[in-house]
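Asker: Residue-level listing of the chains:
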Amino acid sequence: MNTIASSWPHPKAGASSPWGRRGVRTVALTYLTVMLIIPLAVIFQDGLRAGLGGLWQSILSPIAWHALKLTLWTAAVMAIINTVMGMLTAYVLVRYSFPGKALLNGLVDLPLAIPTLVTGVMLVVLYGPQTALGSWLAREFGWRIIFAPPGIILALLFITFPFVVRAVQPVLQSLDREQEEAAATLGAGPWTIFRRVTLPALWLPLTTGTLLSFARAIGEFGAIVIVAGNIPLRSQTAAVYVLGEVESENRLGASAMSVVMLMLAFGLILVVDWLQRGRQTSRDE
Amino acid sequence: MTTTTVKLAKALTIVTLAGLLAACAGPATGGPTQAANPSVKLILGAYTTPREAYGKLIPMFVTQWKAQAGQAVTFEESYLGSGAQSRAILEGFEADVTALSLDADIERIANAGLITHDWHSLPHNGMVSTSIVVFGVRQGNPKNIHDWADLARPGLEVLTPNPKSSGGAMWNILALYGAALRGKVEGVPGGDEAAAIEFLKAVLKNVTVMDKGARESITNYEKGVGDVILTYENEILVGRQKGLDYELIIPRSTILIENPVAVVDTYVDKHGTREVAEAFVNFLFTPEAQEVFAQYGLRSIDPDVATATASQYPPVEDLFTIGEQFGGWQEATPKYFGDSGIYTQAIAAVQAP
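So the sequence lines, in the order shown, correspond to chains A and B. Using this note's numbering, the first residue of the first sequence is number 1, and each one after it goes up by one. Using this note's numbering, the first residue of the second sequence is number 1, and each one after it goes up by one.
Just so you know, these hints were derived from the structure itself, not from any lab. A few of these clues could be false.
Claimed, not checked - Computed from the model, here is a short list of chain A residues facing chain B with C-beta under 7 Å:
#1 133
#2 147
#3 185
#4 186
#5 187
#6 188
#7 192
#8 243
#9 244
#10 277
The beta-carbon is built from N, C-alpha and C at its ideal position, and this holds for glycine as well.
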């Protein structure tokens with residue numbers, strides 16, 4: 001919270017009266033409680049109905065465990081690709097100018113606005129086994145994209161596209177280029193400059209963007225249910241597993257998995273917060 | 001800028017997870033109460049398959065009720081997957097009449113105390129339409145699929161939805177397993193549970209996509225995925241009516257799918273709609289209503305209508321019901337689809353690395 005407060009100018013008019021300030025705070029906190037905290041608390045209570053032991057037993061059943069592992073490793077592969085390619089995209093968008101750049105820059109955020117179900121359908125239309133591209137890939141390389149983990153990774157990459165780009169871009173923009181130029185004068189090649197001068201400044205936004213994209217990927221449902229194939233122990237992810245448990249009235253199984261997914265996402269977000277706070281204080285000193 | 005973007009991304013992550021979790025809570029819709037005369041509103045909560053049939057049946061009933069009782073009746077219709085609809089009604093979607101895909105979904109509402117009368121007392125045990133589990137194959141049947149045994153052929157791609165989320169998928173699995181137990185699958189000796197399980201595993205090995213419902217499954221098949229789909233006969237018939245070019249294969253032995261209908265006592269009493277709701281349900285069993293079901297791919301439970309439409313619905317050599325083969329859903333659901341059920345173990349064995 002303090003990061004936002006410190007980077008924004010203080011509003012003079014409304015905040016001058018203590019009543020106004022208290023009112024704003026009450027409204028915001030009530031809203032947060034009603035919209036976020038209560039629903040999350042219900043999930044936790046539901047998931048822990050049978051105690052921690054019951055929760056683990058439910059998570060460790062082979063189908064649930066496999067679903068969780070599949071979710072995590074596909075999200076991890078996505079996060080690695082996203083880190084490298086997101087950085088590259090941000091670098092090109094900041095450092096180069098070319099026609100259509102503004103338009104491209106605008107496109108980066110679009111995945112946030114598209115229903116992820118549409119993303120799934122789009123990928124099946126593009127890479128499905130019956131399409132020209134999909135059947136060519138299967139014939140020439142024996143690659144199966146849709147109804148297999150590569151499809152999951154592609155869907156996650158599309159959905160989380162903006163995360164790394166948008167985290168890195170502003171830092172790159174505000175970076176002092178004199179250091180890079182000095183390094184060049186001293187005879188450093190472009191790769192060395194990038195590695196020794198640019199990259200160290202970017203590691204925090206990179207980590208932040210990567211972790212957030214990973215957290216976002218854990219809960220993805222809409223696109224995955226279309227592209228994954230959803231076969232238990234083969235291509236069923238945690239979110240799709242939750243749907244099955246809900247539909248077959250195993251509320252405990254559904255909530256247990258949800259609690260684990262929430263904890264993972266929450267843990268990652270705490271790490272991100274901690275990293276940012278570290279930077280904030282080191283800058284203040 | 002960085003921090004606000006990051007905060008936004010965080011918020012989105014939380015919102016997405018919360019959205020997923022909201023699925024655990026289920027929908028809750030309230031219906032307003034009714035004035036008695038001269039008009040009345042009836043809420044129908046149904047599964048998706050007979051939607052087109054009800055589109056035709058409802059105007060017929062409206063005209064009839066106007067002439068008979070002098071009351072104008074309007075309908076509010078909701079179509080969901082059978083299990084989801086059943087749960088919606090349970091959690092407060094105030095449907096006066098419910099038409100679902102399987103007995104167990106009505107039973108769930110009755111067990112919660114919302115249906116207090118014996119809903120099996122209707123004609124045909126409360127089953128208003130029937131269908132059978134069949135195969136859909138590509139035009140010209142290029143993979144030469146004629147009976148259950150063909151589905152176990154290595155390399156074949158089979159579509160069936162996930163029994164965890166689809167009633168249709170449960171019918172499919174029981175049709176396959178029942179046929180095997182009855183000795184109607186080539187190479188599988190009748191009455192041999194172990195052999196039937198092996199056969200089930202062999203077919204499950206060929207399943208490439210498990211969609212969440214029958215509707216999604218056939219949509220995928222229509223997009224060109226898979227060699228053969230296990231589904232309701234009416235799905236294939238309605239698809240062909242729409243001009244799609246897959247073909248229908250009826251196996252030698254298959255299960256009779258029976259779709260129940262019931263008045264929901266709690267809600268009709270609350271809305272004061274019992275009379276019209278019961279009249280509507282009774283109307284569904286009349287020959288003229290049964291003819292409409294038959295037009296939309298469902299096998300009629302009315303013997304006369306069934307005879308009249310026999311050319312459209314070829315007889316099955318060995319047709320069995322959930323009751324006679326599996327002792328009803330009460331027994332079959334835990335035995336086959338429970339945590340250590342036969343299907344659950346088979347899929348785990350097939351997919352284990």
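Asker: All hints, please: hold or fail.
Answerer: Verification of the supplied hints:
no.: 1; hint: 133; in the structure: violated, 13 Å
no.: 2; hint: 147; in the structure: holds, 5 Å
no.: 3; hint: 185; in the structure: violated, 29 Å
no.: 4; hint: 186; in the structure: violated, 30 Å
no.: 5; hint: 187; in the structure: violated, 32 Å
no.: 6; hint: 188; in the structure: violated, 27 Å
no.: 7; hint: 192; in the structure: violated, 26 Å
no.: 8; hint: 243; in the structure: holds, 6 Å
no.: 9; hint: 244; in the structure: holds, 3 Å
no.: 10; hint: 277; in the structure: violated, 11 Å
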